[in-house]
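Modelling step: build the complete structure from the supplied sequences, incorporating the hints.
2 protein chains.
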Amino acid sequence: MSQAGAPLSSAVPQTRKVGILGGMGPAAGADFVRLFVQACTEQLRRRGAAVVDQAFPEHWLAQIPAPDRTSAIAAPERPEISPLDAMSHAVQQLHSLDVRIVAIACNTAHYWHQPLQQRHSQVRILHIINETIAHLQQAGVREVLLMATQGTHRSRLYDSALEAAGIAVHTPLPHEREQVMQGIFEGVKRGRLDVANQYFGPVVQALRQRHAADTLVMACTEIPLALPQASQAQGLKLIDPAWVLAQALAAQAYV
Amino acid sequence: MSQAGAPLSSAVPQTRKVGILGGMGPAAGADFVRLFVQACTEQLRRRGAAVVDQAFPEHWLAQIPAPDRTSAIAAPERPEISPLDAMSHAVQQLHSLDVRIVAIACNTAHYWHQPLQQRHSQVRILHIINETIAHLQQAGVREVLLMATQGTHRSRLYDSALEAAGIAVHTPLPHEREQVMQGIFEGVKRGRLDVANQYFGPVVQALRQRHAADTLVMACTEIPLALPQASQAQGLKLIDPAWVLAQALAAQAYV
Numbered sequence: 001m002s003q004a005g006a007p008l009s010s011a012v013p014q015t016r017k018v019g020i021l022g023g024m025g026p027a028a029g030a031d032f033v034r035l036f037v038q039a040c041t042e043q044l045r046r047r048g049a050a051v052v053d054q055a056f057p058e059h060w061l062a063q064i065p066a067p068d069r070t071s072a073i074a075a076p077e078r079p080e081i082s083p084l085d086a087m088s089h090a091v092q093q094l095h096s097l098d099v100r101i102v103a104i105a106c107n108t109a110h111y112w113h114q115p116l117q118q119r120h121s122q123v124r125i126l127h128i129i130n131e132t133i134a135h136l137q138q139a140g141v142r143e144v145l146l147m148a149t150q151g152t153h154r155s156r157l158y159d160s161a162l163e164a165a166g167i168a169v170h171t172p173l174p175h176e177r178e179q180v181m182q183g184i185f186e187g188v189k190r191g192r193l194d195v196a197n198q199y200f201g202p203v204v205q206a207l208r209q210r211h212a213a214d215t216l217v218m219a220c221t222e223i224p225l226a227l228p229q230a231s232q233a234q235g236l237k238l239i240d241p242a243w244v245l246a247q248a249l250a251a252q253a254y255v
Numbered sequence: 001m002s003q004a005g006a007p008l009s010s011a012v013p014q015t016r017k018v019g020i021l022g023g024m025g026p027a028a029g030a031d032f033v034r035l036f037v038q039a040c041t042e043q044l045r046r047r048g049a050a051v052v053d054q055a056f057p058e059h060w061l062a063q064i065p066a067p068d069r070t071s072a073i074a075a076p077e078r079p080e081i082s083p084l085d086a087m088s089h090a091v092q093q094l095h096s097l098d099v100r101i102v103a104i105a106c107n108t109a110h111y112w113h114q115p116l117q118q119r120h121s122q123v124r125i126l127h128i129i130n131e132t133i134a135h136l137q138q139a140g141v142r143e144v145l146l147m148a149t150q151g152t153h154r155s156r157l158y159d160s161a162l163e164a165a166g167i168a169v170h171t172p173l174p175h176e177r178e179q180v181m182q183g184i185f186e187g188v189k190r191g192r193l194d195v196a197n198q199y200f201g202p203v204v205q206a207l208r209q210r211h212a213a214d215t216l217v218m219a220c221t222e223i224p225l226a227l228p229q230a231s232q233a234q235g236l237k238l239i240d241p242a243w244v245l246a247q248a249l250a251a252q253a254y255v
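If you read the sequences in order, they're chains W and Y. The first sequence lines up with residues 1 to 255 when you count with our numbering. The second sequence lines up with residues 1 to 255 when you count with our numbering.
It should be emphasised that the hints constitute simulated quantities derived from the structure, not laboratory data. Computed from a prediction, not measured in an experiment: that's the story for all the values here. All C-beta atoms, glycine included, are put in the ideal place defined by N, C-alpha and C. Check each hint, because a few of them may be wrong.
Unchecked claim - Just so you have them, the derived chain W footprint on chain Y, three or more residues with Cβ under 8 Å:
#1 32–41
#2 63–75
#3 91–100
#4 187–200
Said to hold, decoys possible - Pairwise CB distance ranges, derived in the manner of DEER restraints:
#5 Y:122 to W:95: 15 to 25 Å
#6 Y:161 to W:170: 56 to 66 Å
#7 Y:178 to W:231: 41 to 51 Å
#8 W:118 to Y:178: 53 to 63 Å
What the hints assert, rightly or not - Over the 12 Å line for every Cβ pair with chain W, so calculated as not near, a few chain Y residues:
#9 79
#10 84
#11 114
#12 126
#13 141
#14 143
#15 154
#16 156
#17 205
#18 206
#19 209
#20 214
#21 228
#22 247
#23 255
Shown next as C-alpha cells:
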C-alpha cells in the first residue's frame, strides 16, 4: 500500500483501552463512537503518526437500556426508577474487560456521576460538564445559551458549574424546555431529525432574541444530531459537549 | 412527555443482547452501530412498539486493533500476521458478557468466519456475505458490480457465493482494485472522504462503461462511508452489506 503525504512516524503510538457508556439514547451512543474515532484521528495527525486501524486504542461501547434520566431526576422519592444501578452494572462489566477509563455518552446521566465514581474507584469516569467548562474557559467564552433536557435543567448540572466558572448562562423558558424535550423524544429518539428541528428551531430563535450571547451549548447528546441543520442556529457558535468529551477521552487513550 | 402519532403498543418488546466486532476499521465499526440503531428503530416501528431508549436491545461494540486483513490473506504462510486470534479474543470477551449473537463489521474479516465460528460454538456469528446474497435474491437481482478490498477479491468470498446463487458478478481490473485500496487507505481510513471518492469514482465509471448491471455491491464497510456521494455512482442501486447485516442483527435481537 503506498503511503502518500508527509513522512510519518513508523512507531504505532502506545494506547490505553477505554470504554464508552451509552444507550442514553442509542443514537447518541453510536454518534459518540464516531466522534471518538474522529478525535483519535486528530491525535494521530498531531503526533505525526500514521492513521491506520492498528493505531487506534481498543475501545468498547456498552449500549444499555437504562431508565429515563429526566423522569428519575423529577422523582427522587422513587429510587427504583433511577438509572444508577444499570449504569453501575455496565461500568463493572467494562472494568471486567480491563477498561480503566470511561466516558458517559449522555449529559443528563452525569447527575449520577459522583455515586457512580464512588462505586467504581478503580475506573476513572470522565465528567462531560467539567470538560466542557474547561473548553469554554480556554476559548475565553464569558456568556452562553444552554439547551438541555428537563432533567439537566432541573438539576442545574451545567448552570452551577458555569456560574462557578464566571460564565453567564441563559436557559429556555419552561414552555420552551418542554419544546426541546419534544424535539428530543418525538424527533431525534425516533430518527426524525426534521421533526426535531421543528421543535428546536423556534427555541433557539427565542433565546437569540432575548440574549446577545453568540455561543450555544447543546447540553444533551441528542441535540447535536439535529440542531446544526436548523436555519435558526446559523451564525451561532455551537458547542457540542459530546465532542469535547470525545476529545478528552482520546487524549486519555494515547499514553 | 406527550406521545404524538398512532397508538403504540405499551409493551416493551423482548430483546436479546447482541455484540458487534469492529475496529476493522474503527470508522466502519462506529457506522455499523449507527446502522444497527436505525435497523432496531425500523423493527420497533414495524411492530407498532414505541421507539424509546428502553426498547433497544443491549448491545456491545468491541473495537479492537486487529492486524490488516488484506495483508494476511496475501500471506497465508505467515499465520503470525493473521487477525484471527485478535478477533477470537474479542468474541470470547463478548461471550463473557453473555452475548450469544455477534456481527462482524468488516467484509474482508469474513475470510476467517469459519474458524472463528468453530472456536466459539456457543456464539452465533452472522455471515455478511450470506445475508447479502439472500437480500439480492429476494430483490431478484441477477447481475452485480462488486467493489471490495484486494483481500476480499483475492479470497473470492463474494464471487463464489454470488456465482453459486446464480448472480453474475463483475469486478474491477487489477489496477482499478489498487485504486479502490488507495481510496480506502488514503481516503476513508484517514477521515478524508473527498480523497476516497477521487479514487473510487473513476473505478465506478469504468465498471459502468464495461457492464450493463445497475446494482453495485459495496463489499467493504469503508466504501459506503464515501461512495454514495460520488457523482459517478448516481443512478446506480448501491447495496451496502453492512446495512443488510445490521438489519439481520436487529431481527435477531428482537425475540
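Hint check results:
{"no.": "1", "hint": "32–41", "verdict": "holds (count 7)"}
{"no.": "2", "hint": "63–75", "verdict": "holds (count 6)"}
{"no.": "3", "hint": "91–100", "verdict": "holds (count 3)"}
{"no.": "4", "hint": "187–200", "verdict": "holds (count 3)"}
{"no.": "5", "hint": "Y:122 to W:95: 15 to 25 Å", "verdict": "holds, 23 Å"}
{"no.": "6", "hint": "Y:161 to W:170: 56 to 66 Å", "verdict": "holds, 59 Å"}
{"no.": "7", "hint": "Y:178 to W:231: 41 to 51 Å", "verdict": "holds, 44 Å"}
{"no.": "8", "hint": "W:118 to Y:178: 53 to 63 Å", "verdict": "holds, 55 Å"}
{"no.": "9", "hint": "79", "verdict": "holds, 17 Å"}
{"no.": "10", "hint": "84", "verdict": "holds, 15 Å"}
{"no.": "11", "hint": "114", "verdict": "holds, 23 Å"}
{"no.": "12", "hint": "126", "verdict": "holds, 18 Å"}
{"no.": "13", "hint": "141", "verdict": "holds, 27 Å"}
{"no.": "14", "hint": "143", "verdict": "holds, 31 Å"}
{"no.": "15", "hint": "154", "verdict": "holds, 14 Å"}
{"no.": "16", "hint": "156", "verdict": "holds, 21 Å"}
{"no.": "17", "hint": "205", "verdict": "holds, 22 Å"}
{"no.": "18", "hint": "206", "verdict": "holds, 20 Å"}
{"no.": "19", "hint": "209", "verdict": "holds, 26 Å"}
{"no.": "20", "hint": "214", "verdict": "holds, 28 Å"}
{"no.": "21", "hint": "228", "verdict": "holds, 17 Å"}
{"no.": "22", "hint": "247", "verdict": "holds, 14 Å"}
{"no.": "23", "hint": "255", "verdict": "holds, 14 Å"}
Of the hints listed earlier, there is not a single one the structure fails to meet.
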